[in-house]
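Student: First to last, the sequence lines map onto chains A and B.
Every number in our numbering is 399 more than the matching position in the first sequence, counting from 1.
Every number in our numbering is 399 more than the matching position in the second sequence, counting from 1.
Among the hints, a few may not be true.
Given that identical chains are not distinguished, each listed pair holds provided it fits within a single copy or across any two copies.
What the hints assert, rightly or not - Below, a list of computed lysine to aspartate or glutamate pairs in the DMTMM-like style, where the Cα atoms sit at most 25 Å apart: (1) LYS734 with GLU606; (2) LYS734 with GLU492; (3) LYS734 with ASP480; (4) LYS734 with GLU511.
Keep in mind that the hints were calculated from the coordinates and are not lab data.
Note that the structure is a prediction, hence the values are computed from the model and not measured.
One letter stands for each residue in the lines below.
Number of protein chains: 2
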Amino acid sequence: MSTTPRLLLGPGPSNVPPRVLAAMSQPLLGHLDPAFLEIMSAVQRDLRALFGTTHELTLPLSAPGSAGMEACLANLLERGDDVVVGVHGVFGERMCAVAGRIGARVTRVEAEWGTALSADAMADAIARTRPRVVAFVHAETSTGVRQPVREIAEAARSAGALVVLDCVTSLGGLAVTLDTWGIDAAYSGTQKCLSCPPGLSPISFSEAARARVEARATPVQSWFMDVTLLAGYYGAERVYHHTAPISAIFALAQGLRIVQEEGMPAREARHRAAAELLIERLGTMGFEPLVDAAVRLPPLTTLRLPAAVTDAGEARIRRRLLDEHGIEVGGGLGKLSGQVWRVGLMGENARPESVERLEAALRALL
Amino acid sequence: MSTTPRLLLGPGPSNVPPRVLAAMSQPLLGHLDPAFLEIMSAVQRDLRALFGTTHELTLPLSAPGSAGMEACLANLLERGDDVVVGVHGVFGERMCAVAGRIGARVTRVEAEWGTALSADAMADAIARTRPRVVAFVHAETSTGVRQPVREIAEAARSAGALVVLDCVTSLGGLAVTLDTWGIDAAYSGTQKCLSCPPGLSPISFSEAARARVEARATPVQSWFMDVTLLAGYYGAERVYHHTAPISAIFALAQGLRIVQEEGMPAREARHRAAAELLIERLGTMGFEPLVDAAVRLPPLTTLRLPAAVTDAGEARIRRRLLDEHGIEVGGGLGKLSGQVWRVGLMGENARPESVERLEAALRALL
Numbered sequence: 400m401s402t403t404p405r406l407l408l409g410p411g412p413s414n415v416p417p418r419v420l421a422a423m424s425q426p427l428l429g430h431l432d433p434a435f436l437e438i439m440s441a442v443q444r445d446l447r448a449l450f451g452t453t454h455e456l457t458l459p460l461s462a463p464g465s466a467g468m469e470a471c472l473a474n475l476l477e478r479g480d481d482v483v484v485g486v487h488g489v490f491g492e493r494m495c496a497v498a499g500r501i502g503a504r505v506t507r508v509e510a511e512w513g514t515a516l517s518a519d520a521m522a523d524a525i526a527r528t529r530p531r532v533v534a535f536v537h538a539e540t541s542t543g544v545r546q547p548v549r550e551i552a553e554a555a556r557s558a559g560a561l562v563v564l565d566c567v568t569s570l571g572g573l574a575v576t577l578d579t580w581g582i583d584a585a586y587s588g589t590q591k592c593l594s595c596p597p598g599l600s601p602i603s604f605s606e607a608a609r610a611r612v613e614a615r616a617t618p619v620q621s622w623f624m625d626v627t628l629l630a631g632y633y634g635a636e637r638v639y640h641h642t643a644p645i646s647a648i649f650a651l652a653q654g655l656r657i658v659q660e661e662g663m664p665a666r667e668a669r670h671r672a673a674a675e676l677l678i679e680r681l682g683t684m685g686f687e688p689l690v691d692a693a694v695r696l697p698p699l700t701t702l703r704l705p706a707a708v709t710d711a712g713e714a715r716i717r718r719r720l721l722d723e724h725g726i727e728v729g730g731g732l733g734k735l736s737g738q739v740w741r742v743g744l745m746g747e748n749a750r751p752e753s754v755e756r757l758e759a760a761l762r763a764l765l
Numbered sequence: 400m401s402t403t404p405r406l407l408l409g410p411g412p413s414n415v416p417p418r419v420l421a422a423m424s425q426p427l428l429g430h431l432d433p434a435f436l437e438i439m440s441a442v443q444r445d446l447r448a449l450f451g452t453t454h455e456l457t458l459p460l461s462a463p464g465s466a467g468m469e470a471c472l473a474n475l476l477e478r479g480d481d482v483v484v485g486v487h488g489v490f491g492e493r494m495c496a497v498a499g500r501i502g503a504r505v506t507r508v509e510a511e512w513g514t515a516l517s518a519d520a521m522a523d524a525i526a527r528t529r530p531r532v533v534a535f536v537h538a539e540t541s542t543g544v545r546q547p548v549r550e551i552a553e554a555a556r557s558a559g560a561l562v563v564l565d566c567v568t569s570l571g572g573l574a575v576t577l578d579t580w581g582i583d584a585a586y587s588g589t590q591k592c593l594s595c596p597p598g599l600s601p602i603s604f605s606e607a608a609r610a611r612v613e614a615r616a617t618p619v620q621s622w623f624m625d626v627t628l629l630a631g632y633y634g635a636e637r638v639y640h641h642t643a644p645i646s647a648i649f650a651l652a653q654g655l656r657i658v659q660e661e662g663m664p665a666r667e668a669r670h671r672a673a674a675e676l677l678i679e680r681l682g683t684m685g686f687e688p689l690v691d692a693a694v695r696l697p698p699l700t701t702l703r704l705p706a707a708v709t710d711a712g713e714a715r716i717r718r719r720l721l722d723e724h725g726i727e728v729g730g731g732l733g734k735l736s737g738q739v740w741r742v743g744l745m746g747e748n749a750r751p752e753s754v755e756r757l758e759a760a761l762r763a764l765l
């Protein structure tokens, strides 16, 4: 099996650096081996630093980001609980679907796709429904919007609600400061700004969130995702719950080390500079950013397509980018399908060279 | 990061062969890249062959075996449904816990740990409760029992129940023939007899199981595990559901190829021969098999400990095996804790050399 090298400029996965690939191909250790548990402890420590939190219950869930979303909501919500969800893209929609299946009563606060949620509208819904949980997305991977967090989180907390934040496309690319913001449960993915393979979802639960889980009237619907059970393995006891995905943890450990070596301020600046260069360069070819500069998400830029692309068939051009130039970009998702491309400059790929390769390929194709 | 090489003779993970490690360190492809989807199709085809099924909905769930268990039960059971579960070890217990959280009414049919379930007792419970689902474990990783499948499955099907089978420690080490047995939903893990890293759960759903999911009165409680949504990505449409764990799929593709090259008859014979050699060699040192020969599970042998081990402290001897000889074996789980060791000779490790290294190390230590 050998795969053609790709430059992965879609909504994730991003390219994985050689150090991380090498870590992943190390011989295995057992999931209860003291040498492995040391690596797990380092991963949990590094994740806390990256999430900007002291929450003890911070861990890499053994499943992708969508499972992380479900773990956050399924632990905090019981049947009949009220939840307010901000919806301005696919992942806010998904939160509603997940919460609905849990049996929660969902109040949607919508905003135009490509714009940020209104903190006032969220505060109104919170005041009206006094929900158990308020959930929204920091970095909407379907639209490229970076949602300001603090005001909504404050409105939620002052109404006694717990706050759940989707950080899938921000962690490792933008500063995430759960404790400063007052977030009770957050989830991310490894395949975006951390430049690790997909498959794990870093999650973090505050003490208030854990207390809420302890106080539930009914058990968490999912055995696999119940954080009180997960705490047995990911806490001080280190007792068996399920078999942790050893090789993926090796990879994440190395990926987190790389983030630390660079430091988040430099890393965030690099993501911003790459996104600005992308918008400038592709702007000269008629690609227009969908999102206002004030709330753009540097790791993922949505671009309205010029006629040269739509006339030729946007899916066809994307396929030629992939086949002839080895470059993957993402199509529009949901109601933006066919209207935009999603260009990820995440983690290792947030560099001028990525923009230059994409620009050159597009100039050759259009 | 560099880890000391281990010989992994516990209940999984087993050692991963170099070809699989190399596959996992290949540069990534996107989860919608046609080149990746080809690999996914090959994995699904190979899993069908290995499960002995033509079930279209056969796929590697992006989470470990415990999540595979939950996916099978959560799709087929609704609140208030009856389920009969065979319980003769930790994983039957876990099925009860999972089904209970789903809101099903659980009827337990117990057998002594280390023995097989009685088909008559299962049939009685099925006749009495007319359950929606009958669930039991083919290969109890906590006890080392290989459960005969056919009679129980027939009793279930003739009562109109769907049959769920845990194949975590059998798939790739013992013949699994879902269609001949009449199994509607099965799950496994990659880190046992397939000698791939942990993190994925191969699952398979029959047409009857899918029809049951379609006919549910309530949505599946889990968005992440809902097979009707999973079918969008793992079926002909190949539409986005979640980001598949690319590197782990590369590894599984290679692991399945290795299984095919050897062929299941040879592979099963190799597992049986290794287990027999283990029992013979360690028998001379006072280790006694817990399980009757007729229902022993070759990939995982439980051994009662001689006084030389218990007197010295079994956990201490296991730790010295690991630290001084680089060999991991498993301790007893649940009510067998402290009483037995669980020695896995799975996949790549089911070879005389594994037994010889373990025997030599134990002779040095005792």
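Student: Next step is simple, just say for each hint if it's right about the structure.
Tutor: Taking the hints in turn, this is what the structure says about them:
1. LYS734 with GLU606: neither (38 Å within a copy, 32 Å between copies)
2. LYS734 with GLU492: within (12 Å within a copy, 45 Å between copies)
3. LYS734 with ASP480: neither (29 Å within a copy, 38 Å between copies)
4. LYS734 with GLU511: within (11 Å within a copy, 57 Å between copies)
Hint check: violations occur at hints 1, 3; the rest are consistent with the structure.
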